[in-house]
Amino acid sequence: MIGGLFIYNHKGEVLISRVYRDDIGRNAVDAFRVNVIHARQQVRSPVTNIARTSFFHVKRSNIWLAAVTKQNVNAAMVFEFLYKMCDVMTAYFGKISEENIKNNFVLIYELLDEILDFGYPQNSETGALKTFITQQGIKGQHQTKEEQSQITSQVTGQIGWRREGIKYRRNELFLDVLESVNLLMSPQGQVLSAHVSGRVVMKSYLSGMPECKFGMNDKIVIDKQGKGGATDDAGKSDLGGGSGKQSIAIDDCTFHQCVRLSKFDSERSISFIPPDGEYELMRYRTTKDIILPFRVIPLVREVGRTKLEVKVVIKSNFKPSLLAQKIEVRIPTPLNTSGVQVICMKGKAKYKASENAIVWKIKRMAGMKESQISAEIELLPTNDKKKWARPPISMNFEVPFAPSGLKVRYLKVFESKLNYSDHDVIKWVRYIGRSGIYETRC
Amino acid sequence: MPAVSKGDGMRGLAVFISDIRNCKSKEAEIKRINKELANIRSKFKGDKALDGYSKKKYVCKLLFIFLLGHDIDFGHMEAVNLLSSNKYTEKQIGYLFISVLVNSNSELIRLINNAIKNDLSSRNPTFMCLALHCIANVGSREMAEAFASEIPRILVAGDTMDSVKQSAALCLLRLYKTSPDLVLMGEWTSRVVHLLNDQHMGVVTAAISLITCLSQKNPDEFKTCVSLAVSRLSRIVSSASTDLQDYTYYFVPAPWLSCKLLRLLQCYPPPEDGAVKGRLVECLETILNKAQEPPKSKKVQHSNAKNAILFEAIALIIHYDSEPNLLVRACNQLGQFLQHRETNLRYLALESMCTLASSEFSHEAVKTHIETVINALKTERDVSVRQRAADLLYAMCDRSNAKQIVAEMLSYLETADYSIREEMVLKVAILAEKYAVDYSWYVDTILNLIRIAGDYVSEEVWYRVIQIVINRDDVQGYAAKTVFEALQAPACHENMVKVGGYILGEFGNLIAGDPRSSPLVQFNLLHSKFHLCSVPTRALLLSAYIKFINLFPETKATIQEVLRCDSQIRNSDVELQQRAVEYLKLSSIASTDVLATVLEEMPPFPERESSILAKLKKKKGPGAVSVTEMEDGKREGGELNGGGDRGPDATTMAASNASTPSPSADLLGIRSAAPVSAAPSSAGSLLVDVFSEAGPAASSAAVNDEGFLRDLEPPTETSDSLLVEGSGDSDSAPPSEDPAPPLSEADELLNKFVCKNNGVLFENQLLQIGIKSEYRQNLGRMYLFYGNKTSVQFASFSTTVSCPGELQSHILVFQTCGATGGGGAQIQQVLNIECLTDFSEAPLLNIKFRYGGALQNLTLKLPVTINKFFQPTEMASQDFFQRWKQLSQPQQEAQKIFKANNSMDTEVLKAKLLGLGMALLDNVDPNPENYVCAGVIQTKGQQVGCLLRLEPNAQAQMYRLTLRCSKDSVSKRLCELLAEQF
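Protein chains in written order, with full-length UniProt numbering: chain A, 1 to 442; chain B, 1 to 982.
None of these hints come from the bench; they were simulated from the model.
The beta carbon of each residue, even a glycine, is placed where N, CA and C say it ideally should be.
Don't take every hint at face value.
Stated by the list, open to error - Sample of chain A residues facing chain B (criterion: CB under 8 Å; computed from the structure): (1) 10; (2) 156; (3) 158; (4) 254; (5) 256; (6) 257; (7) 339; (8) 341; (9) 355; (10) 359.
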């Protein structure tokens, strides 16, 4: 289990140090600083082994979070915990920065005491934590004995993520399908690897203890229903992009702890009592039949030793009615570039010497369009014969549909004790597809 | 040197550096650098030519970026351009860039070399210096190839400025260090040496570094520098502190130069020229005198400089090791430093004293400081100084103060630092062994050692105790008693249990008479420790138990009970389980006789180099070893030379020096001591008797003594190298040709001598070799008589005895008296032979001489066969057959049926069998025709019992020969030998 947790600033100074087990000594703090933060070569592996001690780190802006252990722990669990820890901190005091951490160090220690016990992760649900760890002083809060005991029973009870007695005038529900699409494409346009990792994030403002049921166009469910003859809603829900496909194959998915896994296993239905506020309902990954929103066609020509001509065409590949936003194409330039001239029809393009790349930005672009940029790069002849490795051209964008083809079929809310029904709940659904690592070799 | 003008401030560089310093993160820094690099690239690419200033600025930035750890792959050309600038700063930056970032790019190297060449040939001293510095900084092979011939010229040219000469000397030194084959001094040598006479002290200082390095490689070429160095030194030493102006450092004239001169002199032996030597001794005395004068300044720099010279001077005195007066003075001077409040001085003093202690002249003087050193060991705050103090104690230890030093070291061990404990333990163990007068003291010391610092006692130490106890029967009883007492402590270290288990298992019977240490008490004591021990110790204890069963049959039931219990017989450890099962079976099945044979007392260990000494060497590293060994050898040799009256002391010392405190070394020692001490000691008397009737014992022993000393001279790394010594006579040069292969008839000649000891070994028209030999136990002495049959003298007559291959480890041949050269009528040579274990091949004797200009090269086999070491054994018929049956394993028997070569006359046969060395037993075999013999072959390590039966068949003229020996290889060899005799 986790033996200790340290937070460092960019200089390697320790901001937070919490040791849970005796096998982690003070020198572990320095070992990480010396071997990872101040390492000559940048350490790219998130797990580092120093003197039989494992360090798992994540970096948020300039802040390093490192979990330390001497045991053979489940690395995925440790990282899950670290991410959760980041989420919790963000929920409490916003952006994770050196200043915020310094200002809230008491709170962080308090949180660490709560969410890790002797190195074992505990309840890290922000909603639940906020009921008993607050940023106000004890005085400001007039909790009665009963309320306090209620917290105890709720936190230790069966539904630790939701307290009883929540009331809203308007029962509202927001559902976001957030996907990031990753691609590696050969210069000839062959897909070398592609996958979509998606999240379903919910914001629920519902009264009482509602029972929810979530349905999507999962292939297995659709096929099952197809056999039963119930295909009525197949045509209706064609909200998304280009293809009219009806079901998607989900490779793997994980759920929030509120989802009843037994029911998912037996009936493949997702039913749960939601936490109050924002949370991530599920995470999934697909690799088949991905809609690639953009196609990048590069053309690189070397003219002699001192000149390079680059032409890049991008084509949008979705319904013309949809608009892609925040498009950014990054064309790497050789390390011996001495000058760049760029011409583009649309958007703005600029050579950024500090990043060794030409960055081309387009604010908006409709579907089924194309645009192009051409650049002339002047090179300085160098001594070493090392050939330029030609890193891939990468791209960033945001599209208003789910590239995996996932569609929300329904989200039903049942609350038997209170007097509102599924129809009274206002539901909002939104799809956002973003680029992950979206690269084309040139 | 032109001053940096204000316009050269390079603001852009300063801004860039401060930008980098202000970067919050690594990423930001990389971004800033990328930006700057792009900027520089565009500037370099730009069409309009850059002026020198901006070129310099950008090259500077590139250099800075490179030093931050980023790759730079352009800008070299611009840097090379800077080299041809006329401004000092631009040239300097250019050279700086080149020396930091040079790579073996061929075209650039050519350009760079060109620029350097131009600068070297310019008359501007600063440019020349810059170029020289660049060559030295790069120091690559290409540079050496290009300029190795140029620089010596600059160095010795009459019109070169002093500062350039300095740089040239150091630059040449650097090139010489990287590629010595390219720097050929040849014609420059004498002129370089004469730089020692240069007016300018700086030039001399630089040149002396070069000369020191060069003279280490070819000392002969630079021999002339000694007298120059001495005169230079004496001028500096005798000068007043104000004479040398710039080169006087805190009232000390030219300290660096003095140190370097003294160090240069350390490369050479003492000067032969009396005047030079006298002058040098005077200098050294002056330096020693100056150390006594009150300091001219209270500043630490003053005393540091003064002491630096002093220590170098002392190092030189130690190096010469020939001036007793100076050595003693140096020792006294160091003695003062031992209590100095400056820690560094104390450290240096102790270190120098370590080397002084090994000099015969100052050994006694060093010993006077023993109290101070012991005090330093106890009270010193700095661990490294304590370490040196321990080293010095080790070095100054000899017979007279061994007990005191060992006791002090033991008492210090309890509080010693963990880092040096193991080494201290080894040292105590070695000293205790080396200088042990009575072995009970040795046993006490080592047991104390285990008690005090058990954790640091390595395996080798306790192995050694056991080896010594087993090999010396006089301490066995005492050792058993002592370990028994030591084991009674409630908590004792595991190593103690190991020693205890082993010794009680072997020699527990020696103390069993006392009711307080009766067998059962001993066993219970050992067994009470059993459960606290690790597996290897337990295994050892199990072996001790089974030995107990043999020693004390009354403990059998108890021990069997222990072995039978589940924790032994079903132990999860394979080794323990196996031992328990096997020992249990052995004890319950085997008869007492078998038990007695199987569990016989351990035979003495063959003597090897002391394992602890080897361990200490390993710890110290290879460099240190040879030095200490040499010193040891030297000192021991010296003591033997002067200390013949010590008698037995000297022998043990010699023994421990050869790292073999063993019968073999004893033998040697006694022989060397015998003629001097007149009354032979008891152990040696036998031998001396044997040899005195044989020939001129006294004279041979005297030579022997000398030969032995010669053996000691080279550092003896392993005992193997000691085995065969004496490569011909000392005055003849080593033979140029390889020894010829053995003569074809050598084997035949050998066979002639199987049954006789005296006779003619070899004869041809030039030379006759006669042999006379005696053997007693495992030792023998052989006289070789070389008779010159011609009327002419043999030129460069030399003989060599060698033991080919494995034989080295089986037999020991000392050529104690070399055959003296020339040769008119007869030359005599004496060989001492010791049999270590059984062997089958014979040593080779190689003889070389010139007769009428032609080289004669003969190789013979020395008639040394295994049967020479027989001791006849008389026994009754019953005994004989019992033993005969005991040796019933097939490989122990060797049988051969062969045809008689000679007459089968009874008397002849009897004579031959007696000549073989065995006892001829009558009335043993039921058939009176048969011959039966018994004997024991004595080797150093063990004894091999042999039984022989010869059955002649007169009708068929055949023999059947049967041999049974306790060692199979012996029976085979004997059978082969004897079959040729009948």
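Comparing the hints with the structure gives:
no. : hint : result
1   : 10   : 5 Å, holds
2   : 156  : 43 Å, violated
3   : 158  : 46 Å, violated
4   : 254  : 32 Å, violated
5   : 256  : 34 Å, violated
6   : 257  : 36 Å, violated
7   : 339  : 5 Å, holds
8   : 341  : 12 Å, violated
9   : 355  : 7 Å, holds
10  : 359  : 13 Å, violated
Violated hints for the displayed structure, listed by number in ascending order: 2, 3, 4, 5, 6, 8 and 10.
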